[in-house]
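> Listed here are the chains, written in short residue letters.
Protein chains: 2
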Amino acid sequence: MSKQILLKQDEMPTSWYNVIPDLPGPPTPVLHPATLQPVTPDDLTPLFPMGLIGQEVSGERWTAIPQEILDIYAIWRPTPLVRATRLEKVLDTPAHIYFKNESVSPAGSHKPNTAVAQAYYNKIEGTKRLVTETGAGQWGSALSLACNFFDLELQVFMVKVSYQQKPYRRSLIQTWGAKVFPSPSDQTNYGRQLLEQDPDNPGSLGIAISEAVEKAATDPEAHYSLGSVLNHVCMHQTIVGLEAKKQMEMAGEYPDVVIGCVGGGSNFAGIAFPFVPDKADGKSVRLLGAEPASCPTLTKGKYTFDFGDTARMAPIVKMHTLGHDFVPPGIHAGGLRYHGDSPLVCQLVDAGVIEARAHQQLSCFEAAVLFARSEGIIPAPETSHAIRAAIDEALEAKKLGEKRVILFNFSGHGHFDMGSYDAYFSGELKDFDYPEAKIKAALANLPQVNM
Amino acid sequence: MSKQILLKQDEMPTSWYNVIPDLPGPPTPVLHPATLQPVTPDDLTPLFPMGLIGQEVSGERWTAIPQEILDIYAIWRPTPLVRATRLEKVLDTPAHIYFKNESVSPAGSHKPNTAVAQAYYNKIEGTKRLVTETGAGQWGSALSLACNFFDLELQVFMVKVSYQQKPYRRSLIQTWGAKVFPSPSDQTNYGRQLLEQDPDNPGSLGIAISEAVEKAATDPEAHYSLGSVLNHVCMHQTIVGLEAKKQMEMAGEYPDVVIGCVGGGSNFAGIAFPFVPDKADGKSVRLLGAEPASCPTLTKGKYTFDFGDTARMAPIVKMHTLGHDFVPPGIHAGGLRYHGDSPLVCQLVDAGVIEARAHQQLSCFEAAVLFARSEGIIPAPETSHAIRAAIDEALEAKKLGEKRVILFNFSGHGHFDMGSYDAYFSGELKDFDYPEAKIKAALANLPQVNM
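Those protein sequences? They're chains A and B, same order as listed.
In this text, residue positions in the first sequence follow this note's numbering: the first is 19, and each later residue adds one.
In this text, residue positions in the second sequence follow this note's numbering: the first is 19, and each later residue adds one.
A couple of the hints might just be wrong.
One copy or two, either will do: identical chains are not told apart, so a pair holds if it fits within one copy or between any two.
What the hints assert, rightly or not - Pairs of lysine to any residue, SDA-like flavour, derived with a Cα cap of 20 Å: (1) K301 <-> E384; (2) K184 <-> D440; (3) K26 <-> E267; (4) K197 <-> L388; (5) K416 <-> I23; (6) K21 <-> L212; (7) K184 <-> A441; (8) K146 <-> Q205; (9) K21 <-> P84; (10) K107 <-> Q85; (11) K417 <-> K458; (12) K264 <-> V179; (13) K21 <-> F168; (14) K301 <-> E86; (15) K184 <-> S444; (16) K197 <-> E171; (17) K197 <-> S392; (18) K197 <-> A441; (19) K26 <-> K264; (20) K146 <-> N463; (21) K197 <-> R391.
Keep in mind the hints are simulated off the structure, nothing from the lab.
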C-alpha cells in the first residue's frame, strides 16, 4: 500500500539550514546593476527588512525559526512523506520511490514556507505593506495567504495575460485579501509608459518585477518580496528537506538520488540542500535538478554574471543564465520560465555537487498523468518535471536490475492548472525546439563584469 | 496556535458504523416506484452489487473495512482534526472550534470515502464498469479517482450546463481516466428523446440520474453508483466521525455540538452518526445539520414518502421532501440542491435526535471568507454552510459567556469553485427568497402511498 510517513507536530524542525558554510568555496558576490560593484546591505534596505538582509549574507549553518512562524507552519506542516508503491508497481521497478507532499499547504505548494517567513520579518520591523509580482499566481497566492496571517497589506502585479487567462489564482489572491493589478498597470511610471506605447501590452514576468520593485522602492511604508532565487528564500525552503530526511530515517532508508524541479531554484534547494553536508561526509547521494528543455538554464546556460531581471534593475549575480533578455517559449510550467537560477544552486552545479537534466513538456505531462492515475494527486505542471525525472530514474534502475531509493519533492498540485491538462488530452500541447538562436543572441548581451 | 491533531496510520478505524440498530425505531421501508410495494434485494441487483445491497439493509452495528479499501484510504487518511484557534480569536469567543479536514483527499472532499468502497465491492463481484451522474462534478471526480484505483471503467453523465461552465472538474474526471458525457446526451433513449425536443436542453441532476440509471440497467456489465442519500453511503462516511471522536479524545474534549452541511445527507451522517449512541447513553451532544435556505428540506420539508428522483424512476423513500419536481434556485452550493434527504438522517430529525438550520448563501460566503482569512483554507460553497453554523454557535456562546465545544466537518475545498468567490466579491451573488409557491406546488404532487 502507498504509505504516508507522518511526523508529529513536535517533531517539526525548529531551525532552517543554510548551505553557505558548506559550499565548496566562498559565495559569489552580488553586484549593483548600475555600478557593477558589490552590493552592500545599505543598497538593499529600501527593498528588504534587515532580518532578511542578514539571512541573505549569513554564514551561520543554522537559523532558529521564530515561534510565530512555526505556529503558522503548523497549519499544514509537517507535510507527509509518501512511499509511492502504486507508481512503483505500474513501473514494475525494483526502485523505491518517495515523494514529499508540499501540495497540502492552503496555497497548494511549497511557496508559503518562505512567504510566511518573509511576511513575519517585515511585520516585526514595521513594514506596512509588501509588493510583489506573480506570473501564473503561485507566488502571489502564497504571499497573500502569508500577509493575511500577519495583517500586512499586499499588492500583487500579475502578468496581464495570466490575469485574464488564469482568473482562479487571481481569485485566490483576492480571497486572502490582497490587491491584484494586471501588469503593465497604471500604478507605476514604468507601467504607464508601456501602456502609452501599447494599451494591449500582454505583460511579462520581467515587466511585473520592474513594476513591483518601482512601487516598493517609492513607497516608504512598503517592501518588496521575491518568491525564489535569493539565498534567504532557499534557506526558508530547507524545512522541506529537513523534514524529509527525518521521515526517510523513519522509513529506514536513505536516498540514492534527491530530485526537485528547478525554476528560480528555491524549491529544489529546499529538498536538496540538507543533503549537501552528507555528500561532503562521503555519503553516496546524487542531487538532481529537473528543468524544462525549453528553458534549460542549468544544462545549457552559461555560468557567468548576469542581471536577475529583464529590465536590468535587479542585482547582477553569478549564475547559469540564458541571457536576461531571453524570453522562454510559452510552456505550461510557468514557474520554471526563468532565464537564470539561484546563485547557490548554480555554484553547486558548477562544483559538480548538483547535477541537472532537462525534460520536454509532453513527456512531463505523460509522467503527471501516470502519477495522477497511480497515486491519485494531480501534479502542477512544474512538479511534473520532478516526476518525469523520478520515473526515468526508476526505469533506469529497472533496466540495471538495481534497487534505487528515489526521493522527490511534490512541490504543488495542479488544481488551478487543469486547462493545461485539457490542452494535453486534446492534443493541442506541443514540445518546443531548443531555442538556440534566441539563447545565443541573449548570451551576446551580458553585462561586462571583470570578476 | 491553530493545531492539527493527527492520528497515526495504524490508528485509523477499521470498521464503519451503521446507525440502523441505534435508530429510535425500525428503518422506514423503501418502495418500488412502479408497484409502491417494498423493494426486495432482487429489485436492486441490476443496479448494485450484492455487497452494497447487503450493507443497505444490514442491521449490524459494525462492518469491517476490507484491507484493500484501507490501503486506498491510507493515501490521505487519517485526515487532520484542527483546532481553529485563529478563527476563535477573530470571533473573540470563549468557544473551542474544531474542524475535521476532509478536503485533503486527492478529489478535495469527503466523497472518496464511499467512492472507493463502492468501486471495491463492484470490482470483487466482477462489474466491468460503473455509471453515475454528477452535477458540478464533486461526485464524478471522486468516483473517477476510485474506479481508476480498481481498474474499473466509469461513465459520468454531467449536467450539461456544468459541463460547459465548470470545465475543470470535468478535466479532473478525465485526468483520472473516466468518460464524461454532457447530459442530456445521445447515449440513452431518454437523452435522445430530450435532445430531439430541444437540442439546447441545459440538463438537470434529475435528467442526469435518469440517463445514468438507464445506461446501467441496460448494460449487463455495468452497475450504477450514487454519491449520497443511501444507507450504505452514509455508513461509508462514518469513518469521518469515528476518526474525529478519537481525535477529540486526544484533545481532551467532547463536543457540545457536531455540525455538517446537508445535501443528500451522507456528509452530515459521516460526522454525526457516530455520536448518536452517545446521545442515547445520556451524553449531552447536539447534532446540527446546516442546509441552504433556498432548498430547506429538513427545516421546511414534509416528512413523507416521495420519489428519490425527478423522473420517478428511483425508489420511493420516507424523507423530508420539498417534492420530487421542485427545482431549487441556482445557488452556488450545487451539492446541496436536492429535494429530499437521506431517510436515516430524516428519521433521526423526525425523532428529535438531529436538529437542522437553514442559511442564506451570502451569509455562508461571508463565513467562508472569514474562515479562509483566519485558517487559510478556501472552503467549498457547500462546506461554507457548516462554517456559518459553527460561527453562529460560537457567537451565541460568546453572547452567553459560555464555553462551548464545536466540531464541524470541513467537507471540501473550493479550488474548483473560485468563480463563485468572484461572483461574491463582485457583488453579483444574491440571496433567494424562500420559494414558497414552487414548494407548495411540488408538495401537491407526491405519490399516493398508504403506509
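> Between the shortest in-copy and the shortest cross-copy C-alpha distance, which are at most 20 Å for K26 and K264: within, between, both, or neither?
Classified as both; 11 Å inside a copy, 16 Å across copies.
> Check K416 against I23 for me: Cα-Cα at most 20 Å, and say if that holds within a copy, between copies, both or neither.
So K416 and I23 fail the 20 Å test inside a copy (25 Å) and across (40 Å) alike.
> Between the shortest in-copy and the shortest cross-copy C-alpha distance, which are at most 20 Å for K146 and Q205: within, between, both, or neither?
Only inside one copy: K146 and Q205 sit 18 Å apart there, 59 Å across copies, limit 20 Å.
> Evaluate K197 and A441 at a C-alpha cut-off of 20 Å and name the case that applies: within, between, both or neither.
For K197 and A441, only the inter-copy Cα distance (17 Å) is at most 20 Å; the intra-copy one is 30 Å.
> Please work out whether the CA atoms of K21 and P84 approach to 20 Å or closer within one copy, between two copies, in both situations, or in neither?
Classified as between: cross-chain Cα gap 17 Å, same-chain 31 Å, threshold 20 Å.
> Cα distance capped at 20 Å. Does K21 pair with F168 within a copy, between copies, both, or neither?
between (35 Å within a copy, 17 Å between copies)
> If the cutoff is 20 Å on CA atoms, where do K264 and V179 land: within, between, both or neither? Let me know, please.
Neither. Shortest intra-copy (42 Å) and inter-copy (48 Å) distances fail the 20 Å Cα cut-off.
> At 20 Å max between alpha carbons, let me know whether K184 reaches D440 within a copy, between copies, both or neither.
both (14 Å within a copy, 13 Å between copies)
> For the identical chains here, do K26 and E267 meet the 20 Å Cα criterion within one copy, between copies, both, or neither?
both (14 Å within a copy, 17 Å between copies)
> Is it within a copy, between copies, both, or neither that the alpha carbon of K184 lies no farther than 20 Å from that of A441?
Cα proximity of K184 and A441: in one copy and across copies (14 Å, 16 Å).
> Can you give me the call for K301 and E384, within, between, both or neither, at a CA distance of at most 20 Å?
neither (33 Å within a copy, 54 Å between copies)
> Is it within, between, both or neither when you check K197 against L388 at 20 Å Cα-Cα?
Between copies, since 17 Å is at most 20 Å while 37 Å is not.
Violation of the numbered hints given earlier is confined to hints 1, 5, 6, 11, 12, 14 and 20; the remaining hints are satisfied by the structure.
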